[in-house]
Amino acid sequence: EPEVTQTPSHQVTQMGQEVILRCVPISNHLYFYWYRQILGQKVEFLVSFYNNEISEKSEIFDDQFSVERPDGSNFTLKIRSTKLEDSAMYFCASSEGRMNTEAFFGQGTRLTVV
Amino acid sequence: AQSVTQLGSHVSVSEGALVLLRCNYSSSVPPYLFWYVQYPNQGLQLLLKYTSAATLVKGINGFEAEFKKSETSFHLTKPSAHMSDAAEYFCAVSGTTNFGNEKLTFGTGTRLTIIP
Numbered sequence: 001e002p003e004v005t006q007t008p009s010h011q012v013t014q015m016g017q018e019v020i021l022r023c024v025p026i027s028n029h030l031y032f033y034w035y036r037q038i039l040g041q042k043v044e045f046l047v048s049f050y051n052n053e054i055s056e057k058s059e060i061f062d063d064q065f066s067v068e069r070p071d072g073s074n075f076t077l078k079i080r081s082t083k084l085e086d087s088a089m090y091f092c093a094s095s096e097g098r099m100n101t102e103a104f105f106g107q108g109t110r111l112t113v114v
Numbered sequence: 115a116q117s118v119t120q121l122g123s124h125v126s127v128s129e130g131a132l133v134l135l136r137c138n139y140s141s142s143v144p145p146y147l148f149w150y151v152q153y154p155n156q157g158l159q160l161l162l163k164y165t166s167a168a169t170l171v172k173g174i175n176g177f178e179a180e181f182k183k184s185e186t187s188f189h190l191t192k193p194s195a196h197m198s199d200a201a202e203y204f205c206a207v208s209g210t211t212n213f214g215n216e217k218l219t220f221g222t223g224t225r226l227t228i229i230p
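Residue numbers (the numbering used here), protein chains in the order written: chain A, 1 to 114; chain B, 115 to 230.
The shape of chain A in the complex, shown without the other chains (with noise of 0.2 Å):
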């Protein structure tokens, strides 16, 4: 069954460093996504992407954040620099199409900055 991967599983970054999050959809989706969730709270909406653009981005996604598409399989998110609240399990999403179509979700990155 195809299923969205992501990579790594954990990270642990210090302060102020850049990371970089990956993610690879499922081959036949066109849109995909970014949530998160820390610790404790529910699943926040960050980002969602198709046709290499931004089509939507919460107010939490701010200059920090950034997604790219830098090839044909891979969905990346970069923090530019990380703060101690940015702290969360990061999940990637990918779906076929529009409204009703179900997002499958990966198994996140748990992001640890310190």
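Source of the hints: derived by calculation from the structure; they are not laboratory data.
What you are looking at is a predicted structure, and each value in this text was computed from that prediction instead of being measured.
The beta-carbon is built from N, C-alpha and C at its ideal position, and this holds for glycine as well.
Any given hint could be a false lead.
What the hints assert, rightly or not - Listed next, with one range per pair, are the computed distances between beta-carbon atoms: (1) B:Ile229 / A:Asp71: 26 to 32 Å; (2) B:Glu185 / A:Ser81: 44 to 50 Å; (3) A:Lys42 / B:Asn175: 34 to 40 Å; (4) B:Ser198 / A:Ile38: 23 to 29 Å; (5) A:Arg22 / B:Thr119: 32 to 38 Å; (6) B:Ser198 / A:Pro8: 39 to 45 Å.
Unchecked claim - Quick list of in silico lysine to aspartate or glutamate cross-link-like pairs, DMTMM-like style, CA-CA up to 20 Å: (7) A:Lys57 / A:Glu68; (8) B:Lys172 / A:Glu102; (9) A:Lys57 / A:Glu44; (10) A:Lys83 / A:Glu3; (11) A:Lys78 / A:Asp62; (12) A:Lys42 / B:Glu202.
Stated by the list, open to error - Sample of chain A residues with no beta-carbon within 12 Å of chain B, all distances over it, derived: (13) Val12; (14) Gly16; (15) Gln37; (16) Lys42; (17) Glu44; (18) Ser58; (19) Pro70; (20) Asp71; (21) Asn74; (22) Glu102; (23) Thr112.
Could you slot chain B onto chain A? The hints should help.
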């Protein structure tokens, strides 16, 4: 704007008992509603979804949910709880955005504990 409210951050039921997890939604457009499950140290797995085809939706692992527009609810039920059902459950809503990408708005989650 859409939102969901999950009543009860923690629910405990005995093995074999009825599971009822509550979700109420708010949406300015006809909603699409989802229940996701998250097992410890794992990602989010779709249990079921409501997309206006039928108000009673059956999902995986014996779960089902009923969409009630009059009550703006989409409660998740399972007739008989199993130990393997212990997990965090998230209700989510999506709706039309400008580009058609369907971002999900999640509830705060309900942790289900099964008592042997």
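Hint check results:
Evaluation of the 26 to 32 Å hint for Ile229 (chain B) and Asp71 (chain A) yields a failure: the beta carbon distance comes to about 49 Å. With their beta carbons about 46 Å apart, Glu185 (chain B) and Ser81 (chain A) fall inside the hinted range of 44 to 50 Å. For the pair Lys42 (chain A) and Asn175 (chain B), the supplied restraint of 34 to 40 Å is violated, since their beta-carbon distance comes to about 22 Å. Checked against the hint of 23 to 29 Å, the C-beta distance between Ser198 (chain B) and Ile38 (chain A) comes to roughly 27 Å, which is consistent with it.
Range check, Arg22 (chain A) to Thr119 (chain B): Cβ separation about 34 Å, and the 32 to 38 Å hint holds. For Ser198 (chain B) paired with Pro8 (chain A), a C-beta distance near 28 Å fails the hint of 39 to 45 Å. With a CA separation close to 14 Å, the supplied pair Lys57 (chain A) and Glu68 (chain A) stays within the 20 Å bound. Between Lys172 (chain B) and Glu102 (chain A) the CA atoms are separated by roughly 15 Å; this keeps the pair inside 20 Å, and the hint holds.
Of the pairs offered as hints, the one joining Lys57 (chain A) and Glu44 (chain A) holds, with about 11 Å between alpha carbons and a cut-off of 20 Å not exceeded. Between Lys83 (chain A) and Glu3 (chain A) the CA atoms are separated by roughly 30 Å; this puts the pair beyond 20 Å, and the hint is violated. A threshold of 20 Å between alpha carbons decides the hint, and for Lys78 (chain A) with Asp62 (chain A) the separation of about 11 Å falls inside it, so the pair holds. Restraint check: the Cα-Cα separation between Lys42 (chain A) and Glu202 (chain B) comes to about 11 Å, which is no more than 20 Å; the hinted pair holds.
A cut-off of 12 Å between C-beta atoms confirms that Val12 (chain A) is not in contact with chain B; the least separation is 16 Å. The beta carbon of Gly16 (chain A) is kept farther than 12 Å from every beta carbon of chain B, the shortest such distance being approximately 28 Å. The Cβ of Gln37 (chain A) sits about 9 Å from the closest Cβ of chain B, inside the 12 Å cut-off, so the non-interface label is violated. Here Lys42 (chain A) does not stay apart from chain B, with its beta-carbon only about 4 Å from theirs, under the 12 Å limit.
Against chain B, the non-interface label of Glu44 (chain A) is violated: not every CB pair exceeds 12 Å, the least being about 7 Å. A beta-carbon of chain B comes within 12 Å of the beta-carbon of Ser58 (chain A); the shortest separation is about 8 Å. Interface exclusion of Pro70 (chain A) from chain B stands, the closest Cβ pair being 20 Å apart, more than 12 Å. Taking the minimum C-beta to C-beta distance to chain B, about 21 Å, the non-interface status of Asp71 (chain A) holds against the 12 Å cut.
The claim that Asn74 (chain A) lies off the interface holds: its Cβ sits roughly 18 Å from the closest Cβ of chain B, which is beyond the 12 Å cut-off. For Glu102 (chain A), the non-interface assignment is contradicted: its Cβ lies about 5 Å from the closest Cβ of chain B, within the 12 Å cut-off. Against the 12 Å criterion, Thr112 (chain A) stays outside the reach of chain B, whose nearest CB is about 14 Å from its own CB.
Violated hints for the displayed structure, listed by number in ascending order: 1, 3, 6, 10, 15, 16, 17, 18 and 22.
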